[in-house]
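Participant: Produce the complete structure using the sequences and hints provided.
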Amino acid sequence: FSQNDLLSPLLLSGCLGLDVRQSVSDLIMKPGDEEQISCSHDRTDYRQMLWYQQSPGDTAMKLIGYLNFKASTMEESYKDHFIISGDLGGNTAKNGSLVVRGVKQEHSAVYYCAACEAR
Numbered sequence: 004f005s006q007n008d009l010l011s012p013l014l015l016s017g018c019l020g021l022d023v024r025q026s027v028s029d030l031i032m033k034p035g036d037e038e039q040i041s042c043s044h045d046r047t048d049y050r051q052m053l054w055y056q057q058s059p060g061d062t063a064m065k066l067i068g069y070l071n072f073k074a075s076t077m078e079e080s081y082k083d084h085f086i087i088s089g090d091l092g093g094n095t096a097k098n099g100s101l102v103v104r105g106v107k108q109e110h111s112a113v114y115y116c117a118a119c120e121a122r
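End of the sequence shown = 122 in my numbering, gap-free, step of one.
Careful: at least some of the hints might be erroneous.
[Stated by the list, open to error] Mimicking EDC-like on lysine to aspartate or glutamate, the simulated pairs with C-alpha atoms at most 16 Å apart in a straight line are:
id, residue 1, residue 2
1, K107, D45
2, K107, E38
3, K73, D90
4, K73, D83
5, K82, E109
6, K73, D48
7, K65, D48
8, K65, E37
9, K33, E109
10, K107, D48
11, K107, D83
12, K73, E120
13, K82, E37
[What the hints assert, rightly or not] DEER-style ranges, computed between Cβ atoms:
id, residue 1, residue 2, range
14, K33, I86, 16 to 22 Å
15, Q39, D61, 22 to 28 Å
16, E37, T62, 23 to 29 Å
17, K33, A121, 34 to 40 Å
18, G92, M32, 30 to 36 Å
19, T47, D83, 29 to 35 Å
In case anyone wonders, no lab produced these hints; they're calculated from the structure. These figures come from a predicted structure and were not determined experimentally. Think of the CB as a built atom: it goes at the ideal place given N, C-alpha and C, for glycine as much as any other residue.
Facilitator: See the structure below:
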């Protein structure tokens with residue numbers, strides 16, 4: 004995977020297209036590995052960060068979970084191997100992260116973060 008910061012503009016229903024910076028997007032990992040993906044953006048009023056997974060050969064992006072201010076909400080099928088954290092409060096740039104732990108082969112995928120206003 005690329006070590007360079009990637010720009011990942013993503014347009015979602017209810018969210019304005021916004022450039023977010025990710026440390027990596029595509030991960031190829033070995034079983035048992037742990038990997039962290041960082042995400043940031045500069046919109047101080049966008050206090051929700053969503054994380055998606057796109058598996059190889061699949062056009063669908065599956066919601067992993069999201070961070071709303073400091074509280075994370077995970078989809079049930081991702082709770083055992085994924086952690087979302089960060090602090091989207093305050094009036095500074097927003098930073099969050101997705102950690103993949105205890106990796107299984109099916110976790111090798113492309114990951115996206117997106118941001119929007121908290122609702």
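Participant: Next step is simple, just say for each hint if it's right about the structure.
Facilitator: Hints, verified against the model:
no. : hint                   : verdict
1   : K107 - D45             : violated, 33 Å
2   : K107 - E38             : holds, 12 Å
3   : K73 - D90              : holds, 5 Å
4   : K73 - D83              : violated, 20 Å
5   : K82 - E109             : holds, 15 Å
6   : K73 - D48              : holds, 14 Å
7   : K65 - D48              : violated, 25 Å
8   : K65 - E37              : violated, 20 Å
9   : K33 - E109             : holds, 10 Å
10  : K107 - D48             : violated, 36 Å
11  : K107 - D83             : holds, 11 Å
12  : K73 - E120             : holds, 14 Å
13  : K82 - E37              : holds, 15 Å
14  : K33 - I86: 16 to 22 Å  : holds, 19 Å
15  : Q39 - D61: 22 to 28 Å  : holds, 23 Å
16  : E37 - T62: 23 to 29 Å  : holds, 28 Å
17  : K33 - A121: 34 to 40 Å : holds, 36 Å
18  : G92 - M32: 30 to 36 Å  : holds, 31 Å
19  : T47 - D83: 29 to 35 Å  : holds, 33 Å
Hint violations for this structure: numbers 1, 4, 7, 8, 10, all remaining hints satisfied.
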